[in-house]
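S.K.: Chain by chain, the residues:
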Amino acid sequence: MIGILDLQVCNLTSVSSAVYNLGFDYNIIKIEERNKLDKISHLIIPGVGSFSNISKEYFKKPNFNLELVKYVNKGKPLLGICLGMQFLATEGFENIRSKGLNFINATVDLMDTDNSKNYNLPHVGWNEINILKDHKIFEGIKNNSNFYFVHSYQTILKNNDNLFAETKYLKNFPSIIINENVFGFQFHPEKSSKNGLKILENFCNLKV
Amino acid sequence: MLKKRIIPLLLLMNDRLVKTVNFEKFKDVGNPISTAKIFNDSDADELILLNINRDKRASSTLIPVLKKISEECFVPIAAGGGINSIENATDIIKSGADKVVLNSICYDNYNFIKSLANKFGKQAVVASIDVRKIDKKFCLFSNCGTILNKIPLEEHIQNLIKNDVGEIMINSIDCEGTMQGPDHDLIKQVSNSCNVPLIYSGGIGNYDHIKDIFQMANISAVACGSLFNFTDSNPIRIKSYLKSYNINLRLF
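Chain order of the listed sequences is A and B. For what it's worth, the working numbering labels the leading residue of the first sequence as 46, then goes sequentially. For what it's worth, the working numbering labels the leading residue of the second sequence as 48, then goes sequentially.
Rather than coming from a laboratory, the hints here were simulated on the basis of the structure. Take the hints with a grain of salt, since some may be wrong.
Some, not all, of what chain B presents toward chain A, calculated at C-beta under 8 Å [claimed, not checked]:
| # | residue |
| --- | --- |
| 1 | Leu49 |
| 2 | Lys50 |
| 3 | Ser117 |
| 4 | Glu118 |
| 5 | Phe121 |
| 6 | Pro123 |
| 7 | Gly143 |
| 8 | Asn265 |
| 9 | Arg297 |
The model shown is predicted, which means the values in this text are computed figures rather than measured ones. The beta carbon of each residue, even a glycine, is placed where N, CA and C say it ideally should be.
Input sequences plus hints: build the corresponding full structure.
M.R.: Laid out in structure tokens, this is it:
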């Protein structure tokens, strides 16, 4: 059973439809429903909005975090999408300094831009990922495949071992980060056509 | 570097898709959901869905169609047509749109764009401008091309940008549906005065028309209707044609 965490910060329809279309059952989990995590084999944290906002929503219920840490320590796969990926970091600096999940040693800050037409923020549209290391998650994905991005902030990794793919806008930024069973995609797989569905399917097929 | 986009433009009239010529002469071109699915499967980079019903401007017809499309299509979706309140726009985003397309309301209330951009981020707000050439001047029309607005094109664009619009879509009413080629003067003028991503639509009848647009100006996307409805074309074929001209497209 695939779990999709509902932090009341975005529309979950696209993510849940994508998971369902791939042939997996899913369960939407609210932050009050930490007991549901037991029945979940793979958890997805989608996110649109600001880091400070998602942090506020999430840490409203500190008990959920205790359960999520247990979930990750069991080796079960966790995927953060877009803001959900950034939230895997230690802390973020969007609006105010806020606490992240700390599953990946990183911070989150504004992307580099020169404010020109070609490198404006937000970074919105189809861009390539440059795969740096081999991983099961890339099965069936060619190097330099295109994915759909919408964001102004980026993850800044403390440890390059977690960097598995990067994307170039004005400068390179991490587009796929992995720390053992914790995965982050900066792009939206649910909006990235065939490549997006494939990489999402690979995540849902990871063996626990 | 971001890829240039090829976008099928879907015009919704009640629960059917139609295609027009110069915003008139409505012709039925199929079921919106199955059509959107076909574009999704043939490498469209995005879909734009517009409600062009002049009597039912509200989003009541758009929302059920949009919901179904967003359950089956996994590319970005922009939707609009008659959006006149924040609640309206919120409903459209909640129904699966990534972006809302605004047109008529911009002329009355630029602040509306800013409020939407604050709520959903500016990438979620597309302003659409319908243009007719009258006495060699570009005149702006709202309400599906029926009402003339006095504001000059340049000034309107600057106002949109000042109010945090994420993207601008420019439509030539004179070219729309004719398949006789785009309005090059319009494209040049707009691309020079605009520092947000630009989508052009109107008059695309073959692949060279698209090639010319991408080669002559800094345009981010081309939206086509008739080309897909009345010829044996799809985004895959367009892209494989444009590939040999070094246009930066999403090929895989």
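S.K.: So, for every hint listed, does it hold in this structure?
M.R.: Status of each hint after checking the structure:
1. Leu49: 4 Å, holds
2. Lys50: 4 Å, holds
3. Ser117: Given a least distance of 6 Å, the restraint on serine 117 (chain B) holds.
4. Glu118: This hint holds: glutamate 118 (chain B) lies near chain A, its Cβ roughly 5 Å from the closest one there, short of 8 Å.
5. Phe121: 6 Å, holds
6. Pro123: 5 Å, holds
7. Gly143: 5 Å, holds
8. Asn265: For asparagine 265 (chain B), the interface hint holds, since the closest Cβ of chain A sits about 6 Å away, which is under 8 Å.
9. Arg297: 4 Å, holds
Against the hints set out earlier in the document, no violation occurs for any number.
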